[in-house]
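Visitor: As a plain string of letters, each chain reads:
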Amino acid sequence: MAHSAVGVIFSNIHDENIPELSRHRTMASIPYGGRYRLIDFALSNMVNAGITTVGVVTKYNYQSLLDHLGSGKDWDLARKDGGIILLPPYSDETDTPYNNRLEALKGITGFLNHRNEEYVVISDCDGIAHIDIADIIAYHEEKGADITMAYHEEAGKIDQSYFLTFAANETGRIEEVQISPKTTATSKSNVYINIMVINREFLLNIIQDAVTRGLTSFGKDILTKQVDSLKLYAYHFSGYYAGINSLQKYFQHSMELLDKKTRDELFGARDIYTKVRDSAPSKYADDVIVKNSLISDGCVIEGTVENCILFRGVKIGKGSVIRNSIIMQDSVIGVGVELDSVITDKNVVIRDRRHLAGCAELPFFIGKGRMI
Amino acid sequence: MQRKKECVAMLLAGGQGSRLYALTNNIAKPAVAFGGKYRIIDFPLSNCINSGIDTVGVLTQYEPLELNEYIGNGQPWDLDRAFGGVHILSPYQAKKKSSWFEGTANAIYQNMAFMQKYNPEYVLILSGDHIYKMDYAAMLKAHKATGADCTIAAIEVPMKEASRFGILNTNEDGSIYQFEEKPKQPKSNLASMGIYIFTASKLFKYLTEDDANPNSSKDFGKDVLPAMLNAGEKMYSYRFSGYWKDVGTISSLWEANMDLLGENPAFDVGDPDWKIHSRNPLAPPEYIGDTAHVNNSLVSLGCEVEGTVINSILSSNVVIEEGAEVVDSVLMAGTVVKSGAKVVYSIVDENTVIEGGAVVGEDKDTGNGIAVLGRNITIGSGVKVAGGQILDKDYKGE
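First to last, the protein sequences are chains D and U. Just so it is clear: in the first sequence, position 310 is 310 by our numbering, and no numbers are missing. Add 1000 to the 1-based position in the second sequence for our numbering, that's all there is to it.
Isolated chain D (complex conformation) (with noise of 0.2 Å):
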């Protein structure tokens, strides 16, 4: 039963890996998918999974954030009990804010002893799945864990800094964890999605435990050293997952969503909620050539677009042709400009004739405001 679950979302975790988008804001909102924040995807699965309270934890730059969750009430988690609850760091004048997540979790024992739930389900904001929670916890269940990590199965070469691996036995135990293991070309790898399920009573012992013994780090002295002695399990997902973790991945992954099996995958069976904004439909005016495109309500939309993803409240003047582009919100582009593989953060303007192009594998990026 998710009712017996009770919803972390870490903010800033990994924040270093997409620096350009999150120097003013966490990763958590982050503009994804034209009219979304990450942290989207991971509210809405737990509230599609019947989660009534989500702790999100926060560290610095959270301003957009606050903006964007404003009461919750566009997740239906505006409620007197429970609801979402921000969870800003903790600290007085002899204690510096967390540096990891153990002590992250030390910062929100108050909130985790002040609730009942028997579970705790811990996401991060980077990895954008449509993930059924609800069977998660049911496995979790059945298998009597303490604590059950989702994974996806990864071919090749893993191109990041960090993250982890796991061995299970035909049961979907755990009895290997890696940090940062060698890939190559040819390897196949579990790698953890960044979501777990943990009893809530067991996760306040693991605090309690770590805080006494000096222990720091989640994955490498709790994860991987206790292994044989904690029930961990692996949960498998083989749906549709995009790994958030570079600003070449944000590109690559943002135009999968131009692929009608992604978006039914992500957007079909459920919702995602997002913060409303009520812009009027958008707009396209005569003579327009739009083409595989996503575009985003408020839009005015008077020259050429092929392949991009457009969010609310661009406008595209005419005899402008934008390619292979994202374009985020409220970015005004000029009369007669040309755009091909460039990302414009929110509220960029790029005037009259200007041609910009980067490649895919090096998208063009512009910063929030800037004027080109």
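Just so you know, not all the hints are guaranteed correct.
Said to hold, decoys possible - Pairs of lysine-lysine, DSS-like flavour, derived with a Cα cap of 27 Å: (1) Lys1182/U <-> Lys1205/U; (2) Lys188/D <-> Lys143/D; (3) Lys73/D <-> Lys1275/U; (4) Lys1184/U <-> Lys1245/U; (5) Lys275/D <-> Lys1133/U; (6) Lys318/D <-> Lys1275/U; (7) Lys346/D <-> Lys1275/U; (8) Lys182/D <-> Lys231/D; (9) Lys368/D <-> Lys1275/U; (10) Lys1117/U <-> Lys1095/U; (11) Lys188/D <-> Lys157/D; (12) Lys1245/U <-> Lys1141/U; (13) Lys1338/U <-> Lys260/D; (14) Lys261/D <-> Lys1338/U; (15) Lys315/D <-> Lys1133/U; (16) Lys1182/U <-> Lys1245/U; (17) Lys1275/U <-> Lys315/D; (18) Lys1202/U <-> Lys1222/U; (19) Lys1275/U <-> Lys275/D; (20) Lys249/D <-> Lys182/D; (21) Lys1338/U <-> Lys291/D; (22) Lys1182/U <-> Lys1234/U; (23) Lys249/D <-> Lys261/D.
Since the hints were made in silico from the structure, they are not lab data. What you are looking at is a predicted structure, and each value in this text was computed from that prediction instead of being measured.
Given the structure of chain D, go ahead and fit chain U onto it with the hints provided.
Guide: Just chain U, lined up with the frame of chain D:
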């Protein structure tokens, strides 16, 4: 101290809208979809909140279920309030008598207790069948400035259409000396918009008197306003010159939708200074495919367009398959136009499916009128629906 609201709005939303035919078979007129993502009632409700009026009674009677569900707790319009907010007021059974709302004035009279709870100084009466943006706060300011007992919003209409409206004959200072309901020979072209601000005490007095009058038809335009004028109350017109469109007929609903299109649209729903709030669909951005051709149109969230769309309005989650063609039409949420089908000069209600090769409607130059398809029906493959035809059941041809 008793809390109070300076101005309470009462929105008449009980009308059947019979001239919208199949579109109002099961829903009240104010719940009819408009402009892609809106419903007609979004406009008066947005005007209220944008004018700082946060207490609105919505009077429903005809087929209220969908309208009630749409309004819900009023949150999309910021009208979910601890004191005030939006409230659905339906006819009720009372100890002594129970009755349906008999006329516009009777509907308001029956909900006197609702208004009095807020102890208002002014009451704003609105109807739920027009598309417009209006600052009621400016009108209220004018009402206070003239010291009127009743202020009626008025707009100039073409002289030849004036006999369709309630016409205000006014002095130079805007005060009204005569009120003529649908006159055969109108003296002026200043038409009442059906938007009234009353000084609350006067409204309550005249509604009570009107209710006691057995000869009254219990209508604002026919009974209450003339009674006030005859009694010498101060009545003023308030001139409005912006876009205002009645969407009570198929052709006016179609025209109002088309007024949203073009480089400088007659009516701009995207105005950042006067947002139109609505209950938003939960849908991803629309997808425009490789074979699509979209010109001079509004497209809403969740649409999948692979075909041709020209001069049209698509509500959320509409599917236009490859090779399908939609011209000069208004398609409401969830409509599917399959490959090779053609929809011309038509209004298609929610979740209707047009099978491959079907042709719905005829070019508007033929003069045969707008084809209308009701909700949740299927038009069989290869079938032809003539211009001006109205269907509310599955249709597989003769």
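Visitor: With reference to the structure, classify each hint as holding or not holding.
Guide: Structure-based check of all given hints:
no., hint, result
1, Lys1182/U <-> Lys1205/U, "holds (26 Å)"
2, Lys188/D <-> Lys143/D, "holds (25 Å)"
3, Lys73/D <-> Lys1275/U, "holds (20 Å)"
4, Lys1184/U <-> Lys1245/U, "holds (22 Å)"
5, Lys275/D <-> Lys1133/U, "holds (25 Å)"
6, Lys318/D <-> Lys1275/U, "holds (25 Å)"
7, Lys346/D <-> Lys1275/U, "holds (21 Å)"
8, Lys182/D <-> Lys231/D, "holds (26 Å)"
9, Lys368/D <-> Lys1275/U, "holds (25 Å)"
10, Lys1117/U <-> Lys1095/U, "holds (20 Å)"
11, Lys188/D <-> Lys157/D, "holds (8 Å)"
12, Lys1245/U <-> Lys1141/U, "holds (24 Å)"
13, Lys1338/U <-> Lys260/D, "holds (17 Å)"
14, Lys261/D <-> Lys1338/U, "holds (19 Å)"
15, Lys315/D <-> Lys1133/U, "holds (24 Å)"
16, Lys1182/U <-> Lys1245/U, "holds (18 Å)"
17, Lys1275/U <-> Lys315/D, "holds (18 Å)"
18, Lys1202/U <-> Lys1222/U, "holds (17 Å)"
19, Lys1275/U <-> Lys275/D, "holds (16 Å)"
20, Lys249/D <-> Lys182/D, "holds (20 Å)"
21, Lys1338/U <-> Lys291/D, "holds (19 Å)"
22, Lys1182/U <-> Lys1234/U, "holds (22 Å)"
23, Lys249/D <-> Lys261/D, "holds (19 Å)"
Against the hints set out earlier in the document, no violation occurs for any number.
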